[in-house]
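Novice: One letter stands for each residue in the lines below.
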Amino acid sequence: MREFFENLMPHVIPKLPDLWKATLETLAMTGLSALYILVIGMALGILLTVTKKGGLAENAAVYRMLDVIINLLRSVPFIILLFLLIPLTRIISGTSIGVAGSIFPLIVGTVPFFSRQAEAALAGVNPGLIEAAQSMGCSKAGIIFRVYLRESIPALSRGITITLINLVGLTAMAGAVGAGGLGNFAYVQGVQRNNYDIIVAAVIVLVVIVQIIQIAGNIIAKKTER
Amino acid sequence: MIRLENVTKTYVNAGKKFNAADDVTLEINKGEIFGIIGFSGAGKSTLVRCINLLERPDKGRVLINGKDITALRGAELRRQRKKIGMIFQHFNLFSSRTVLQNVIFPIRYSGMSRAELNSKAMELLELVGIADKAGAYPSELSGGQKQRAAIARALASDPEILLCDEATSALDPQTTESILRLLKKLNTQLGLTIVMITHQMNVVKEICTRTAVMENGKVVEQGDVFEIFANPQQNVTRSFVDTTSCLSGINTLIEDKSPLVQLKPGQKILRFKYLERSACEALVSTISRKFNIDLNIIFGSIEIIGNNPIGGLVVIADGEEDDIRAAVKYLCDINVGVEVILSA
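Going line by line, the protein sequences match chains A and B.
For what it's worth, this note's numbering labels the leading residue of the first sequence as 1, then goes sequentially.
For what it's worth, this note's numbering labels the leading residue of the second sequence as 1001, then goes sequentially.
Next up, chain A with everything else stripped away, as it sits in the complex (with noise of 0.2 Å):
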């Protein structure tokens, strides 16, 4: 077994010890910067939701700058994003390289995307549902929480897995920028050293965790579809 591995992947097995800590770093990136994106993004879902026309808190101006914004952020290209995000990023995180200097960038980045699955999750709950509510003396955060939230749990967790995925793919991209992580990995020492076989594994190690969201957010939101 060990001897099939050795030929079919020579250089990959004297860095294992480095392809766990680039999956460590990915994960770390991941997992890191998906807490703040799921925070701001469902905020920022929820906003949209309830200043669109017709909503909870109807305002245009509200909506109009939010939605201006996040099609701005959506419509530059991630790679970009990063070298331009730089000079800010040096301020909050203090660095700009390492797993530290990724997360802010991979926020703004992902937050804009989030925001719109969160909405669009949203707006698929029954507006008479939300006329229910209103008839039963609910307020307008409890209308946010014990309809809105509640009811779209099936839809949440399904943008929820879409931007994940999403997000494993922007780390590894930031990687290549000098992030760290599974991307990092799979250019330094397979791209720059002509090692393709650690390119293979550094995928191979991407598609696991790829699956692992997308087989848990199915069984989430199976359990929770009624």
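Derived from the structure by calculation, the hints contain no laboratory data.
All residues carry an ideal CB built from backbone N, CA and C; glycine is no exception.
A hint or two may mislead.
[What the hints assert, rightly or not] Quick list of in silico lysine to any residue cross-link-like pairs, SDA-like style, CA-CA up to 25 Å: (1) A:K53 to B:E1140; (2) A:K140 to B:K1017; (3) B:K1083 to A:P127; (4) A:K52 to B:K1017; (5) A:K53 to B:K1083; (6) A:K223 to B:E1140; (7) B:K1083 to A:A141.
[Said to hold, decoys possible] Okay, the calculated beta carbon distance ranges per label pair: (8) A:G31 to B:R1108: 41 to 47 Å; (9) A:S139 to B:N1006: 26 to 32 Å; (10) A:L72 to B:Y1011: 33 to 39 Å; (11) A:S139 to B:M1001: 53 to 59 Å; (12) B:N1006 to A:I162: 29 to 35 Å; (13) A:S139 to B:G1041: 28 to 34 Å; (14) B:N1006 to A:N59: 27 to 33 Å.
[Stated by the list, open to error] Output of the computed footprint for chain A on chain B, the stretches with three or more beta carbons under 8 Å from beta carbons of chain A: (15) 1081-1089; (16) 1133-1139.
With chain A held as given, fit chain B onto it using these hints.
Specialist: Using the frame of chain A, we list chain B on its own:
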């Protein structure tokens, strides 16, 4: 109990103004079942939403127990809404919650303990007859059970008023019947005032005591259900009344030259209409004995509304010209409407 005063609600759609409620004044008494009937787009849904201010009228006042609720905002308005239950055509149950959790929803943070909440919700489910479905999710219920669950939820905060927005329109006739019986029971048992919006005349006929007819945002006719049925004044009302009766079927038969209405000499087709609450005499046998004419009933539609028969008959009368004329006069004298539809 509920008083709408000059309620007006205007929408602007594609630059065009549209009066969903146009200067509506209505009074709904405590403990009655009040029907608001109209075709779709007549403004019924807007009007009923003005009662709990899901729609805020542009003009006019909404008084509940003498208090002008259009003056209420925020928490005060929410407190008022808890006293007005509402059920919907499509039930609007929370799909992520069980039936029990749906019923608890409106009172969850009212300060009751978990045990009190559960027992209160179970009591309500018992009342509407689906206690065995407490743990089920809405998707596992039939239409009728969903509406029962919605009724239990609407009653959770002990409202004095129940608003029903096309509550039976998505249900089959048998289920409609059973939901109407349930509403009637709640009306008598709890003294609940019920306002029903519907486009189904038989719903009004079945349980309402008084009714208002709406067209183009206006209330065109209102009053006692019997009066409205016996003596509709407006075309729209007449067309609703007709939907519950088969008597106009005679016109189609005549147009189609059906063999049923090919008259022999001396025959006439007459339509009798019961106009008065007293019309429970043995009409047909009396006139055929008294005036020596044969009566062949081809259509009959008699409903009992508030213990009074209403409706009429279409008959082919066969006899001497003079006898028929005398019979018609007799019927007019006892206040039965008679119309000669066709003479041989």
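Novice: Take the hints in turn and mark each one as holding or not.
Specialist: Results of checking the hints against the structure:
1. The straight-line distance between the Cα atoms of A:K53 and B:E1140 is roughly 34 Å, outside the 25 Å bound, and the hint therefore fails.
2. Straight-line distance between C-alpha atoms of A:K140 and B:K1017 comes to about 30 Å, which puts the hinted pair past the 25 Å bound.
3. Restraint check: the Cα-Cα separation between B:K1083 and A:P127 comes to about 22 Å, which is no more than 25 Å; the hinted pair holds.
4. Proximity of A:K52 to B:K1017 is assessed by CA-CA distance (about 23 Å); at most 25 Å being required, the pair is judged to hold.
5. Only pairs whose Cα atoms come within 25 Å are accepted, and A:K53 paired with B:K1083 is rejected, the gap being roughly 29 Å.
6. Distance restraint check for A:K223 and B:E1140: the Cα-Cα separation of roughly 15 Å lies within the 25 Å cut-off, and the hinted pair is therefore satisfied.
7. Taking the CA atoms of B:K1083 and A:A141, the gap is about 20 Å. The hint holds against a cut of 25 Å.
8. Between A:G31 and B:R1108, the C-beta spacing of about 34 Å breaks the proposed range 41 to 47 Å.
9. Between A:S139 and B:N1006 the beta carbon distance is about 30 Å. The supplied range of 26 to 32 Å therefore holds.
10. Evaluation of the 33 to 39 Å hint for A:L72 and B:Y1011 yields a pass: the beta carbon distance comes to about 34 Å.
11. The hinted range of 53 to 59 Å is not satisfied by A:S139 and B:M1001, whose Cβ atoms lie roughly 26 Å apart.
12. At about 52 Å, the CB distance of B:N1006 to A:I162 disagrees with the hint of 29 to 35 Å.
13. About 32 Å separates the C-beta atoms of A:S139 and B:G1041, a value consistent with the hinted range of 28 to 34 Å.
14. A hinted range of 27 to 33 Å for the beta carbons of B:N1006 and A:N59 is consistent with their spacing of about 31 Å.
15. Against chain A, the stretch 1081-1089 of chain B contributes 6 residues with a C-beta closer than 8 Å to a partner C-beta. That satisfies the three-residue criterion, and the hint holds.
16. Given a C-beta distance limit of less than 8 Å, the hint that chain A covers the stretch 1133-1139 of chain B holds, as 3 residues qualify and 3 suffice.
Going down the numbered hints, you'll see the structure goes against 1, 2, 5, 8, 11, 12, while the others check out.
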